[in-house]
Amino acid sequence: MADRTYVIKLSEFSVLLLRPIRSSTSSDSCPIQSSTHSPTTLLLFSNVGQAPTLLPDDRGKAIAIMSKALEHLLKKAHEDGVVAGVIGIGGSGGTSLISSALRILLIGVPKGVLDITTTEVADYLVGGTMACEDSCFDAIIEKRIPLVLTVGALDMVNFGAKDTIPSKFQQRKIHEHNKQVSLMRTTPDENKGFAEFIANKLNKSSSKICICLPQKDISALDVQGMPFYDL
0 MADRTYVIKL SEFSVLLLRP IRSSTSSDSC PIQSSTHSPT TLLLFSNVGQ
50 APTLLPDDRG KAIAIMSKAL EHLLKKAHED GVVAGVIGIG GSGGTSLISS
100 ALRILLIGVP KGVLDITTTE VADYLVGGTM ACEDSCFDAI IEKRIPLVLT
150 VGALDMVNFG AKDTIPSKFQ QRKIHEHNKQ VSLMRTTPDE NKGFAEFIAN
200 KLNKSSSKIC ICLPQKDISA LDVQGMPFYD L
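Quick note on numbering that gives the first Met the number 0: the sequence shown kicks off at 0 and runs consecutively.
Incorrect hints may have been included.
To be verified - Derived pair list, reagent style SDA-like, types lysine to any residue, alpha-carbon separation capped at 20 angstroms: (1) Lys142 with Ile197; (2) Lys167 with Met129; (3) Lys74 with Ser99; (4) Lys191 with Pro213; (5) Lys172 with Gly151; (6) Lys142 with Ile103; (7) Lys142 with Ser205; (8) Lys172 with Ser218; (9) Lys215 with Tyr228; (10) Lys75 with Leu104; (11) Lys60 with His71; (12) Lys215 with Thr149; (13) Lys191 with Phe227; (14) Lys172 with Ala160; (15) Lys142 with Ser204; (16) Lys172 with Thr128; (17) Lys200 with Val147; (18) Lys172 with Asp122; (19) Lys191 with Leu212; (20) Lys191 with Tyr123; (21) Lys203 with Ser134; (22) Lys191 with Gly151; (23) Lys207 with Ala138; (24) Lys67 with Glu141; (25) Lys142 with Asn199; (26) Lys142 with Arg102; (27) Lys215 with Asp229; (28) Lys172 with Met129; (29) Lys60 with Ser134.
Hints listed in this document are in silico derivations from the structure and should not be mistaken for laboratory results. Please read these numbers as outputs of a predicted model, since none were measured by experiment.
All chains should be modelled from the sequences, with the hints used to inform the complete structure.
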């Protein structure tokens with residue numbers, strides 16, 4: 000059987016290829032060999048006239064070019080019989096980049112989005128520093144990509160250094176993660192707002208969606224004995 004390659008989207012403009020290699024001593028052992036496609040090398044797959052050598056400064060145009068390049072990369076990898084699965088990882092740009100490319104692969108090749116840390120929704124609605132946009136989840140819905148979602152770290156809002164937190168939040172429960180990152184505990188009303196935002200989005204989807212809700216904690220900070228623990 001040929002080696003299988005998993006194409007994993009790591010960030011907006013880089014793709015990591017993971018290739019399990021069959022061991023010469025054991026058929027069950029598959030050490031991982033990896034190679035990274037940087038923006039420069041991935042552009043060689045753009046296949047649109049003369050391949051550009053540099054991405055444009057405009058983020059939207061850059062994502063569109065990279066998405067087209069990734070489509071051709073996945074198509075070639077599939078034709079070569081080396082794709083076993085595709086995993087898109089995170090962010091508004093990352094989702095936009097991977098969602099179109101997923102549709103290149105035929106039925107039977109695993110496709111989906113796993114969103115396990117939705118804390119950017121809290122930042123968007125409350126005013127944190129790592130916020131998503133109002134279009135969060137839209138690309139997944141429009142492309143009808145299957146989604147597995149959970150509410151990891153949705154009990155906090157991200158800020159920078161503690162002295163940069165807006166004055167209206169200074170009396171809230173704050174955890175200083177380090178000198179550059181401060182985390183603010185959310186309130187029950189804010190949590191209801193997050194749930195409403197996510198539910199309104201996902202109710203528009205016609206693809207398969209699985210929402211996993213933890214029975215206990217949703218972050219490492221709200222376990223018993225930690226700063227955000229409450230009953």
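Quick rundown of the hints versus the structure:
Taken as a hint, the Lys142 and Ile197 pair is honoured in the structure, with Cα atoms around 17 angstroms apart against an allowance of 20 angstroms. Only pairs whose Cα atoms come within 20 angstroms are accepted, and Lys167 paired with Met129 is accepted, the gap being roughly 18 angstroms. Taken as a hint, the Lys74 and Ser99 pair is honoured in the structure, with Cα atoms around 12 angstroms apart against an allowance of 20 angstroms. A C-alpha spacing of about 16 angstroms is found between Lys191 and Pro213, which places the hinted pair at or below 20 angstroms, so the restraint holds.
Proposed proximity of Lys172 and Gly151 is supported: the alpha carbons are some 19 angstroms apart, at most 20 angstroms. At roughly 12 angstroms between alpha-carbon atoms, Lys142 and Ile103 fall within 20 angstroms of each other, so this suggested pair holds. Taking the CA atoms of Lys142 and Ser205, the gap is about 10 angstroms. The hint holds against a cut of 20 angstroms. Simply put, Lys172 and Ser218 have alpha-carbon atoms about 15 angstroms apart, close enough for the 20 angstroms limit, and the pair holds.
Restraint check for Lys215 and Tyr228: the C-alpha separation of about 10 angstroms stays at or below 20 angstroms, so the hint holds. Using a Cα cut-off of 20 angstroms, the hinted pair Lys75 and Leu104 holds, with the two alpha carbons roughly 10 angstroms apart. Our distance criterion of 20 angstroms between C-alpha atoms is met by Lys60 and His71, whose separation comes to about 17 angstroms. With a C-alpha separation of about 13 angstroms, the suggested pairing of Lys215 with Thr149 holds against the 20 angstroms cut-off.
Annotation: proposed proximity of Lys191 to Phe227 holds, straight-line Cα distance about 17 angstroms (limit 20 angstroms). Note on Lys172 and Ala160: the hinted pairing holds, with a Cα-Cα distance of about 15 angstroms set against a maximum of 20 angstroms. For a cut-off of 20 angstroms, the pair hint linking Lys142 to Ser204 stands: about 9 angstroms separates their Cα positions. Taking the CA atoms of Lys172 and Thr128, the gap is about 17 angstroms. The hint holds against a cut of 20 angstroms.
Between Lys200 and Val147 the CA atoms are separated by roughly 14 angstroms; this keeps the pair inside 20 angstroms, and the hint holds. For the suggested pair Lys172 and Asp122, the alpha carbons sit about 15 angstroms apart, so the restraint of at most 20 angstroms is met. This hinted pair checks out: Lys191 and Leu212 have alpha carbons roughly 14 angstroms apart, not beyond 20 angstroms. A C-alpha spacing of about 14 angstroms is found between Lys191 and Tyr123, which places the hinted pair at or below 20 angstroms, so the restraint holds.
For the hint pairing Lys203 with Ser134, the CA-to-CA distance comes to about 13 angstroms; that is within 20 angstroms, so the pair holds. With a C-alpha separation of about 15 angstroms, the suggested pairing of Lys191 with Gly151 holds against the 20 angstroms cut-off. The suggested pairing of Lys207 with Ala138 holds, with an alpha-carbon distance near 14 angstroms, which does not exceed 20 angstroms. For the hint pairing Lys67 with Glu141, the CA-to-CA distance comes to about 17 angstroms; that is within 20 angstroms, so the pair holds.
Note on Lys142 and Asn199: the hinted pairing holds, with a Cα-Cα distance of about 17 angstroms set against a maximum of 20 angstroms. Restraint check for Lys142 and Arg102: the C-alpha separation of about 8 angstroms stays at or below 20 angstroms, so the hint holds. Taking the CA atoms of Lys215 and Asp229, the gap is near 11 angstroms; set against the 20 angstroms cutoff, the hint holds. Taking the CA atoms of Lys172 and Met129, the gap is near 18 angstroms; set against the 20 angstroms cutoff, the hint holds.
Between Lys60 and Ser134 the CA atoms are separated by roughly 17 angstroms; this keeps the pair inside 20 angstroms, and the hint holds.
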